[in-house]
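Chemist: Here's the letter readout for the chains.
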Amino acid sequence: MYKQLLGLLSMLIFSTLGVHAQITGVVSESATGEPIPGAIVMWHGTDVTTTTNPNGEYSIEKPAGASMLMVHASGYGTQNKSVISRKGTINFNLLTNTELEEVSITERGKETGIDLESAQMQMNINRSELRKAACCNLSESFETNASVDVSFTDAVTGTKQIEMLGLAGRYVLIQRENIPFARALNSNMGLSLIPGPFVESIQLTKGLSSVVNGYESVSGQINVEFEHPSQEFDFMLNGYVNQGARFETNAWINTPVSDKVDMGTLVHYSNVPFAQDRNGDGFADMATGEQFNLHNRWKYLLNNGWGGQIGFNIASDTRTSGQTEDVFDEPGVTPWLFEQNTTRYELFGKNGWVSAAPYRSLGLVYNVSSQNMEANLGDRLLLTRQNTAYFNSIYQDIFSNTFHKYKTGVSLQYDNISEYLDTAGGLSQIFYNTERTEVVPGAYFEYTYSGDGPWTVVSGVRVDYHNLFGTLITPRMNVKYQATENTTLRIGGGRGMRTANVITENISGLASGRDFAILGSNTIQQERAWNVGASVSQVFLLFDRGATVSVDGFFTWFENKMIADYDLRPYEYSVYFAEGSRSTSLLAQLDFEPLENLEVRVAYKYLDARDAFTGGEDQSFGVPTHRGFLNLGYHLDESGWKFDATYNWYGSRRLLSTEYYSEPLDNYSPSFSMVHLQVNKRFGKEWDVYAGVENLLDYRQENPILNADNTKSRSFETNRVYGPIFGRMLYLGFYYNFNG
Amino acid sequence: MKFSFIFTVGLTFLLSTQVSGQTQDTTILVNGICGMCERTIEGACDMDGVESAEWSSETKELKLTYDASEVSLEDINTSINEAGYDTEYSTASEEAYNSIHNCCKYRDPEVVRAHEEKVGNRQ
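Protein chains in written order, with the working numbering: chain Y, 487 to 1226; chain H, -8 to 114.
A few of these clues could be false.
Pairwise CB distance ranges (calculated) [as the list claims (entries may be wrong)]: (1) Y:Glu971 x H:Thr56: 34 to 42 Å; (2) Y:Tyr1120 x H:Glu101: 25 to 33 Å; (3) Y:Val1037 x H:Met38: 43 to 51 Å; (4) Y:Ser744 x H:Glu101: 32 to 40 Å.
When the alpha-carbon atoms are kept at most 25 Å apart in a straight line, the in silico SDA-like pairs for lysine to any residue are as follows [stated by the list, open to error]: (5) Y:Lys891 x H:Glu107; (6) H:Lys54 x Y:Phe1078; (7) Y:Lys1171 x Y:Gly835; (8) Y:Lys646 x Y:Lys1171; (9) H:Lys54 x Y:Ser553; (10) Y:Lys646 x Y:Ala737; (11) Y:Lys1167 x Y:Phe1078; (12) H:Lys96 x Y:Phe1078; (13) H:Lys96 x Y:Thr518; (14) H:Lys96 x Y:Lys1167; (15) H:Lys96 x Y:Lys1171; (16) Y:Lys646 x Y:Ser1155; (17) Y:Lys891 x H:Pro100; (18) H:Lys96 x Y:Glu626; (19) Y:Lys646 x Y:Asn664; (20) H:Lys96 x Y:Lys891; (21) H:Lys96 x Y:Ser1155; (22) H:Lys54 x H:Thr69; (23) Y:Lys891 x Y:Asn664; (24) Y:Lys891 x H:Arg104; (25) Y:Lys746 x Y:Glu825; (26) Y:Lys1167 x Y:Glu626; (27) H:Lys96 x Y:Glu515; (28) H:Lys96 x Y:Gln729.
Not everything, but these chain H residues come out facing chain Y in the computed CB check (under 8 Å) [to be verified]: (29) Thr14; (30) Thr17; (31) Cys25; (32) Lys54; (33) Ser60; (34) Val62; (35) Glu79; (36) Tyr80; (37) Glu85; (38) Ala87; (39) Asn93; (40) Arg98.
What the hints contain is simulated information worked out from the structure, not anything from laboratory work. Just so you know, even glycine gets a beta-carbon here, dropped at the ideal spot from N, CA and C.
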């Protein structure tokens, strides 16, 4: 009797507190609930491991002392759960790698969030922020961002350029998915060749960042992620039209080809069929022309940890501006025209391997591209060509534990670049014809300390051997100190360099009656600079909601810089290299939510950019010393309405001198303001319609072109542009998105 | 054979305490993070026969004093699981775990780290 009772009770207790107990569960995909077979399940710090069966199920015994259960599957993020029980059910829902990236951005709750984790001053800009500025290519994507300025450099080419830290866009390393993109000759046009709707997100780093992707950044780094192919069918169509007669259409199709292969295609076509001349100067206010852009890639994922992608990109851009026949009809006068054709072909690929331990991985990145540009500006002819090949390898691992990570690898950059210029006619005719080949093998090592304390340190160095400039050493370091939970301090600095392209990067200087002069015999030189920066961000409560205030300051000093000087000699655009140019920038920004769903961003920026001109150090041309910024966003998620208003104030900036003209003008521009408004309305899951107005106050620069009626004159000048030419502009557009 | 020996001994002990009606002290491990977890865990032990229950977020140890003639360790264990907390013996059901407050999601290392950082800042 006693024995029977004992047996019964022992069975009861065995079933609850049992010894042969195991942890069981299902590993599935978070979004779809589909089981994930072959996922690795492991007790952290032990060698007890198992994999999931075809139904995604696992069971594992708990060894003594283990308390962290880890699950990892190729193509998904790793998930850890603290488990102290010997028995029971623990299920895992894994996010795919792309979802993980999205979440890491959206979880910050801000459309442009400062990345608090990163040691660098990095901002993530997601699609919702990008859609606040509905038009048209990457350069416009920064119009709602206080760190980057977007401006025209001249009145005719219509190529928008960005500025960061008071320095031209060519000092920013612009990458598409961590492959350097808008570099060398493409630094001038590159941003125009990235249609805005292709972009899924942007990571913007101020100051110097990693050494992994080369030595070419000086003032910052912009990484653009395109829409990724995924295991879900996804179709998007966008249409846009504005008052400037620009219409544009973008589409993407993402589709699984098999359970291992996904394909994605992005297409863009835009056209400005006719020119308009609102200010009556006989010049088109905006360039006409068309662009075609096709991006296609294939992604694959294997169970053994290997994955990758391969794809191509074709872009063709033609534009015409100046005294086009739509706006200019004077018998007997030969019109001054700007015409430019650009074509670009690119093949790219990435292969990666992630080990079962998620901190160990290897990435191989490569691309080859060919770009041709031909342009004429009046009677000046410019031909350029660039053939590029790039390879980079990134091996990532840890020293002893995940507090100490490192990245290392070797790279090879090959560029064959030619520039040809013929400034026909007149006494000032010059020919410039040069070709160069750059072969740069390099190696780098970057160490990251990110422990459980308040310090994060990223320190790296790369050594490259350049066939023209010898050994190049690029040290860079960034340190983050988390003073309190809400206070983050950062400091960083290092060196960056790039090879200057004397013609392409001064193309706007050709849109002028003045002489084009390249001073000095050595025209193939590297621009080299040191940059240091510091920032502080503080999160605090304001109106019972989280608010962020951040202040950052950067200082850049050039060992060597290519300088464009309008004022060295009358009627001459002089290009030369000199040491000692510098730029100081300070940005203060406050983000807060005074009412529910109303987000406000206020920013002030101070820029002191000074160039080491031959005639003595002076303020750089075209950089406003003071700049103010206000953005209001009101979002009603349930009804699908979104309202955005941006106010920009630009202080006075230095313009080229006209003191030797018959009617001299002020050497400094007036300050001015611009207001942009946009309304979005979502209809169901699939439709999003938007309308807006740029430059609501209709501010227009008077006389953007000097002596527009006499283009043969040496005082014909398009480079005194500081503000908008076209004035107020209305636009309309839609997005249609179908997920199958 | 060995297991049945342990169980026989263990059960003999359990049965003997049941018979005697005296209170008994024991410690079990319960996963959790914060003060809110502490209230929930200790609240789950608030049943007839339990004289005292004290859980420490640092050691994860729950010190129990209970009258084995009125309540079994198994019942207490089940009650803690039902409140959403894992013990060293068994896990809470998915449903129960989901019902606890987001800041108490002790299985999530991110949540645990967030708490540790707060504690670290206060010190």
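Chemist: Tell me, in ascending order, the numbers of any earlier hints that this structure violates.
Modeler: The structure conflicts with hints 3, 6, 7, 8, 12, 14, 15, 18, 20, 21, 25, 28, 29, 30, 31, 32, 33, 34, 38, 39, although it agrees with all the remaining ones.
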